[in-house]
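**Q** Given next are the chains, with one letter for each unit.
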Amino acid sequence: MSRYARITDNIDWGLITTALAIVFIGLLCLYSSSRGTSLAIFYKQLMWIAIGVLVMIVVFVVDYRVLLRSAWPLYIFMILGLVLVLVIGREISGARRWISLGPMGIQPSELAKIIMIIWLAYWGEQKKHIQGYGIRELVLPTFFILIPVGLILVEPDLGTAGIVALISCTLMLLLGIKRSTFVGLLVLFISAMPFVWFSLKEYQRLRILTFLDPSRDPLGSGYHAMQSKIAVGSGGLLGKGFLEGTQTQLRFLPEHHTDFIFSVVAEEWGFAGSALLLLLYIGLVTKITQIGFKAKDRFGTMICFGVAAYFTLHIFINIAMAVGIFPVVGVPLPFISYGGSFMLINWICIGLVLNIAWRRFMF
Amino acid sequence: MNWNMNNTNNIPGPHIDDDLKWKAKIFIAFVFVLFTILLLRLMNMQVFKGSYYESLARNNRIRIVSIPAQRGKILDRNMEVLADNRPAYNLIAIPEDISDVSFIAHRLAGILGSDEEDMIERIREAKKRPYNPVALARDISFHQMASIETQLYTLPGVSIDATSERDYVLKELGAHVLGFLGEISRKQLEGLKPGSPYAPGDPIGKTGVESICEETLRGTKGVRIFEVDATGRKTKILDEKPPVPGEDVVLTIDKRLQLTACRSMAGRAGSVVAMDPRTGNILAMVSSPSFDPHVFLSPMTPEVWKGIIEDPMHPLENRPIRGQYSPGSVFKVIIAALALRNNFITPQDTVYCPGAYSLGDSTFKCWRRGGHGNMDLVSALAQSCDVYFYVLGERLGIDRISSFCTDLGLGRPTGIEFKDELSGLVPTKEWKYKRFGEQWQKGESVITAIGQGFTLVTPMQMTKVMSSVVNGGNVLTPRILASTEITKERTLNIREADLAVIKEGLKAVVESEKGTARAVRDPDFTMGGKTGTVQVVSGYSSNLPDQSDLPYKIRDHAWFFGFSPVEDPEIVVVAIIEHGGSGSSIAAPVARDVIKEYYAGKGPCDEQVCQDNR
Numbered sequence: 001m002s003r004y005a006r007i008t009d010n011i012d013w014g015l016i017t018t019a020l021a022i023v024f025i026g027l028l029c030l031y032s033s034s035r036g037t038s039l040a041i042f043y044k045q046l047m048w049i050a051i052g053v054l055v056m057i058v059v060f061v062v063d064y065r066v067l068l069r070s071a072w073p074l075y076i077f078m079i080l081g082l083v084l085v086l087v088i089g090r091e092i093s094g095a096r097r098w099i100s101l102g103p104m105g106i107q108p109s110e111l112a113k114i115i116m117i118i119w120l121a122y123w124g125e126q127k128k129h130i131q132g133y134g135i136r137e138l139v140l141p142t143f144f145i146l147i148p149v150g151l152i153l154v155e156p157d158l159g160t161a162g163i164v165a166l167i168s169c170t171l172m173l174l175l176g177i178k179r180s181t182f183v184g185l186l187v188l189f190i191s192a193m194p195f196v197w198f199s200l201k202e203y204q205r206l207r208i209l210t211f212l213d214p215s216r217d218p219l220g221s222g223y224h225a226m227q228s229k230i231a232v233g234s235g236g237l238l239g240k241g242f243l244e245g246t247q248t249q250l251r252f253l254p255e256h257h258t259d260f261i262f263s264v265v266a267e268e269w270g271f272a273g274s275a276l277l278l279l280l281y282i283g284l285v286t287k288i289t290q291i292g293f294k295a296k297d298r299f300g301t302m303i304c305f306g307v308a309a310y311f312t313l314h315i316f317i318n319i320a321m322a323v324g325i326f327p328v329v330g331v332p333l334p335f336i337s338y339g340g341s342f343m344l345i346n347w348i349c350i351g352l353v354l355n356i357a358w359r360r361f362m363f
Numbered sequence: 001m002n003w004n005m006n007n008t009n010n011i012p013g014p015h016i017d018d019d020l021k022w023k024a025k026i027f028i029a030f031v032f033v034l035f036t037i038l039l040l041r042l043m044n045m046q047v048f049k050g051s052y053y054e055s056l057a058r059n060n061r062i063r064i065v066s067i068p069a070q071r072g073k074i075l076d077r078n079m080e081v082l083a084d085n086r087p088a089y090n091l092i093a094i095p096e097d098i099s100d101v102s103f104i105a106h107r108l109a110g111i112l113g114s115d116e117e118d119m120i121e122r123i124r125e126a127k128k129r130p131y132n133p134v135a136l137a138r139d140i141s142f143h144q145m146a147s148i149e150t151q152l153y154t155l156p157g158v159s160i161d162a163t164s165e166r167d168y169v170l171k172e173l174g175a176h177v178l179g180f181l182g183e184i185s186r187k188q189l190e191g192l193k194p195g196s197p198y199a200p201g202d203p204i205g206k207t208g209v210e211s212i213c214e215e216t217l218r219g220t221k222g223v224r225i226f227e228v229d230a231t232g233r234k235t236k237i238l239d240e241k242p243p244v245p246g247e248d249v250v251l252t253i254d255k256r257l258q259l260t261a262c263r264s265m266a267g268r269a270g271s272v273v274a275m276d277p278r279t280g281n282i283l284a285m286v287s288s289p290s291f292d293p294h295v296f297l298s299p300m301t302p303e304v305w306k307g308i309i310e311d312p313m314h315p316l317e318n319r320p321i322r323g324q325y326s327p328g329s330v331f332k333v334i335i336a337a338l339a340l341r342n343n344f345i346t347p348q349d350t351v352y353c354p355g356a357y358s359l360g361d362s363t364f365k366c367w368r369r370g371g372h373g374n375m376d377l378v379s380a381l382a383q384s385c386d387v388y389f390y391v392l393g394e395r396l397g398i399d400r401i402s403s404f405c406t407d408l409g410l411g412r413p414t415g416i417e418f419k420d421e422l423s424g425l426v427p428t429k430e431w432k433y434k435r436f437g438e439q440w441q442k443g444e445s446v447i448t449a450i451g452q453g454f455t456l457v458t459p460m461q462m463t464k465v466m467s468s469v470v471n472g473g474n475v476l477t478p479r480i481l482a483s484t485e486i487t488k489e490r491t492l493n494i495r496e497a498d499l500a501v502i503k504e505g506l507k508a509v510v511e512s513e514k515g516t517a518r519a520v521r522d523p524d525f526t527m528g529g530k531t532g533t534v535q536v537v538s539g540y541s542s543n544l545p546d547q548s549d550l551p552y553k554i555r556d557h558a559w560f561f562g563f564s565p566v567e568d569p570e571i572v573v574v575a576i577i578e579h580g581g582s583g584s585s586i587a588a589p590v591a592r593d594v595i596k597e598y599y600a601g602k603g604p605c606d607e608q609v610c611q612d613n614r
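As given, the protein sequences belong to chains A and B, one line each in that order. Numbered per the numbering used here, the first sequence spans residues 1 to 363. Numbered per the numbering used here, the second sequence spans residues 1 to 614.
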């Protein structure tokens with residue numbers, strides 16, 4: 001068997017095919033929703049997909065274990081990016097999330113998602129001799145998680161900060177926390193809530209209530225949620241057909257190329273289309289966890305589960321928001337929502353997982 | 001698709017321990033639960049409730065209507081209402097529900113007596129945002145409202161909205177101070193940041209206090225989301241958020257003084273400003289002629305607009321802060337203060353006035369042909385002797401005069417809350433060279449000293465400056481909002497004795513035998529002041545007792561600045577009457593009336609003090 005054949009044989013083509021199928025559905029929706037205004041974002045998205053695939057290949061080629069050595073430099077790079085965006089970031093409707101790079105913009109907070117996965121996997125690898133962390137072992141990683149989360153909250157970008165925090169929590173739980181410590185933390189967390197609540201100022205409480213119940217702000221997010229629900233529900237079993245979605249085409253739906261793009265899938269392709277998309281997503285996540293089980297070191301396993309958590313959280317929150325069972329927060333849909341940085345990170349994740357899958361054959 | 005990976009024997013076993021394996025399985029189970037929730041929810045919405053949502057989408061039955069917030073009132077210093085709200089009816093249309101535009105426009109134009117083409121245009125414009133309700137006519141009469149209400153069933157897409165309309169209690173008497181509301185312009189809308197609360201047709205403060213306090217007065221709109229049936233009728237309210245009324249704004253203006261000043265100015269062009277020299281509070285601010293602010297509340301016809309814009313008297317101009325005039329003899333007060341401060345003269349020094357002053361080849365006449373004879377500072381102020389101040393002007397020179405003027409706050413906006421103040425002009429040598437390419441002439445310093453040169457001031461600047469002279473040398477920023485803090489810009493560093501002498505001179509203007517404003521003295525209170533007459537066209541003598549024979553445009557401007565009481569003044573009034581003739585006979589009575597009213601209003605208050613003392 002030639003070396004070349006072996007390389008290609010052991011690539012997980014199923015993972016790539018699934019991702020490409022999702023990308024294809026996403027392009028259909030983006031075409032449909034941007035047709036009415038300007039196709040520029042459609043072509044931009046095509047370009048980002050091409051860049052994303054190239055970057056995925058680069059990530060795949062380099063042995064992922066170099067990341068063990070670059071976890072700290074990456075972490076520092078991430079913090080610098082998050083601080084920089086607060087200083088020189090472009091302000092768009094009150095939030096600083098973008099750094100301008102010529103004609104493009106990048107979002108350091110998107111990068112933070114993947115770098116935190118790598119950093120926590122690295123940290124778990126360093127401490128793998130410990131069976132179940134207690135409070136003392138948890139102080140340091142908690143600190144290093146809270147720095148980026150805090151910086152993203154300042155931008156402000158509640159959705160992304162929440163995602164980074166949840167991915168981090170998932171990985172910490174997988175790495176293992178002592179049962180007594182876990183229960184203790186849980187009790188502490190729950191019992192602290194009322195105190196936090198009553199120490200808040202009136203307007204802060206109101207803000208949280210609006211966040212939990214968007215119909216308190218019906219002109220803003222409540223309107224989005226309602227129109228999105230109408231779009232999804234009216235898709236019916238088989239959908240209204242490509243380019244036929246009235247909610248999308250008549251522009252009732254706001255943000256229909258970014259955060260609410262799932263409504264376009266659901267409206268134009270119906271339950272059949274949205275269920276197919278969900279199955280593809282389930283396939284993608286299952287594939288990643290399988291690779292995680294079979295990775296040849298704990299570092300690889302943790303990266304895989306981190307990536308699985310990353311995709312699951314995005315998919316769940318985004319779709320739950322579109323179907324009205326989750327508050328409206330800015331969380332995009334992997335491989336589908338318009339956005340360069342996000343598309344890039346999605347492909348980097350796939351590249352990492354392919355890398356881990358392929359290198360378990362190397363010894 | 002290759003879902004299962006080939007597990008060949010030569011591959012080392014995965015490094016996953018049992019503990020991690022167990023947790024990972026829980027993780028995967030959790031993932032499956034989440035996806036199942038989504039699938040079930042989608043099935044429920046799309047398969048079982050699909051037809052319900054489809055009907056919602058078909059008609060897009062959801063309407064969102066904003067509920068306007070009650071605008072805050074504008075109150076005077078005694079909490080008397082100056083700008084109020086009264087109930088009104090607006091004619092509202094939801095453009096999407098109007099199918100036959102020309103028919104509806106025809107019917108509505110018939111009832112309202114308005115232009116049909118204009119109505120069609122308004123509806124067409126509104127169709128660009130078809131689900132946004134838009135006001136086709138504001139503040140329609142009760143009769144029109146009733147007549148439309150009874151025919152509503154034949155007018156799909158049209159409804160009547162009970163709302164409130166601005167009511168300016170003072171009408172034209174407070175128009176410049178209060179300003180007025182108007183529909184937000186397309187240009188303003190385009191310049192808005194995302195998330196701004198304004199929609200087309202919304203009222204916004206255009207000028208005056210309405211504009212500077214827009215955010216306070218505006219309040220927060222409420223919102224109502226409801227379902228409608230096919231004809232656009234409400235069927236069910238889905239959600240509602242009540243509006244938050246705007247906050248009231250309290251002014252420093254005293255309604256009674258404002259009215260008195262307005263009445264005294266009736267039929268004349270000019271301004272009156274009254275200020276409390278201790279605080280900078282503006283008690284009255286009048287620009288004449290004025291206009292009825294109510295005409296701006298609803299879209300006006302081009303004829304009305306043209307009438308206002310092309311009025312030769314410029315009623316829209318806010319003269320107290322935008323009218324720029326030569327200061328005339330009132331400026332002599334500034335020269336007197338500067339000369340005393342810099343020791344160019346003592347109060348006892350005298351200048352002989354023969355009726356004219358020669359400098360080189362030029363001769364500068366005193367307004368009194370025969371001359372005043374020997375003049376000291378007090379008598380020079382009292383009789384407004386030009387020669388005395390020509391001498392001072394020559395001695396001081398323009399550099400000192402202009403630098404002192406700048407210290408006083410001339411040549412720049414006074415800092416009152418209004419945004420569109422003009423700066424006036426403080427001439428300097430550099431300014432003249434830049435402007436005319438010529439050197440400064442000594443003679444120009446001389447006429448500057450009597451307020452006739454290049455210097456330009458606004459009535460508000462004059463009020464601020466004169467207040468600082470009579471209040472002991474504190475330059476205070478005028479304020480119209482009670483919420484603005486009292487701001488002391490600087491102290492003039494003039495000796496108290498010098499200020500006292502100036503005040504004595506100003507008192508003599510009114511009280512002394514030969515004072516130029518002797519006619520307005522009042523037995524009930526002490527009053528000081530200074531008259532000023534500005535030649536608009538040189539060559540016409542300003543000492544004609546009666547200028548009413550002259551054409552209006554070339555008559556002199558009349559200034560008067562008055563304050564009372566002379567000891568510890570509580571009120572400063574500056575009045576200017578454009579083409580009014582002589583300051584003493586025309587402008588001084590206006591200021592006197594305001595001061596008299598000030599005491600009349602204080603009366604009960606004093607009684608209270610008296611009773612307390614008993």
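Quick caveat, the hints were computed from the structure, so don't treat them as lab data. Ideal Cβ positions, reconstructed from N, Cα and C, are used throughout, including at glycine. Hints are supplied without guarantee of correctness; some may be wrong.
[Stated by the list, open to error] In silico DSSO-like links for lysine-lysine, alpha-carbon gap of 27 Å or less:
id, chain 1, residue 1, chain 2, residue 2
1, B, K21, A, K178
2, B, K365, B, K429
3, B, K434, A, K294
4, A, K296, B, K432
5, A, K128, B, K365
[Said to hold, decoys possible] Anything over 12 Å on all C-beta distances counts as not near chain A; from chain B, calculated:
id, residue
6, K23
7, A24
8, K25
9, F35
10, L38
11, G50
12, E54
13, A57
14, I64
15, L155
16, P156
17, N474
18, A600
[To be verified] Listing some non-contacts, in silico: residues in chain A with all C-beta distances to chain B over 10 Å:
id, residue
19, G105
20, L186
21, A192
22, F316
**Q** Now tell me, hint by hint, if it's right for this structure.
**A** Against the structure, the hints:
1. For the given pair, K21 of chain B sits about 16 Å from K178 of chain A by alpha-carbon distance, which is consistent with the 27 Å threshold.
2. For a cut-off of 27 Å, the pair hint linking K365 of chain B to K429 of chain B stands: about 24 Å separates their Cα positions.
3. The hinted pair formed by K434 of chain B and K294 of chain A fails the criterion: a straight-line CA distance of about 85 Å is larger than 27 Å.
4. A threshold of 27 Å between alpha carbons decides the hint, and for K296 of chain A with K432 of chain B the separation of about 87 Å lies outside it, so the pair is violated.
5. A C-alpha spacing of about 104 Å is found between K128 of chain A and K365 of chain B, which places the hinted pair above 27 Å, so the restraint is violated.
6. Taking the minimum C-beta to C-beta distance to chain A, about 5 Å, the non-interface status of K23 of chain B is violated against the 12 Å cut.
7. With a minimum CB-CB distance of about 6 Å to chain A, A24 of chain B fails to clear the 12 Å threshold, and the non-interface call is violated.
8. Against the 12 Å criterion, K25 of chain B falls within the reach of chain A, whose nearest CB is about 9 Å from its own CB.
9. With a closest Cβ-Cβ approach of about 5 Å to chain A, F35 of chain B is found to fall inside the 12 Å limit, against its non-interface label.
10. Not every CB of chain A lies more than 12 Å from the CB of L38 of chain B, the least distance being 5 Å, so the non-interface label is violated.
11. For G50 of chain B, the requirement that its beta carbon stay farther than 12 Å from each beta carbon of chain A is not met, with the minimum near 4 Å.
12. Separation of E54 of chain B from chain A is inadequate, the least Cβ-Cβ distance of about 4 Å not exceeding the 12 Å criterion.
13. With a minimum CB-CB distance of about 4 Å to chain A, A57 of chain B fails to clear the 12 Å threshold, and the non-interface call is violated.
14. Separation of I64 of chain B from chain A is inadequate, the least Cβ-Cβ distance of about 6 Å not exceeding the 12 Å criterion.
15. Every CB of chain A is more than 12 Å from the CB of L155 of chain B (nearest about 25 Å), matching its label as outside the interface.
16. In this structure P156 of chain B is separated from chain A by more than 12 Å, as the shortest Cβ-Cβ distance comes to about 20 Å.
17. Chain A leaves N474 of chain B outside its interface by the beta-carbon criterion, the shortest separation being 40 Å against a cut-off of 12 Å.
18. For A600 of chain B, the requirement that its beta carbon stay farther than 12 Å from each beta carbon of chain A is met, with the minimum near 46 Å.
19. Interface exclusion of G105 of chain A from chain B stands, the closest Cβ pair being 17 Å apart, more than 10 Å.
20. The beta carbon of L186 of chain A is kept farther than 10 Å from every beta carbon of chain B, the shortest such distance being approximately 15 Å.
21. No beta-carbon of chain B is positioned within 10 Å of the beta-carbon of A192 of chain A; the least distance is around 24 Å.
22. Not every Cβ of chain B is farther than 10 Å from the Cβ of F316 of chain A; the closest lies at roughly 5 Å, contradicting the non-interface assignment.
Of the numbered hints stated above, those contradicted by the structure are hints 3, 4, 5, 6, 7, 8, 9, 10, 11, 12, 13, 14 and 22, listed in ascending order.
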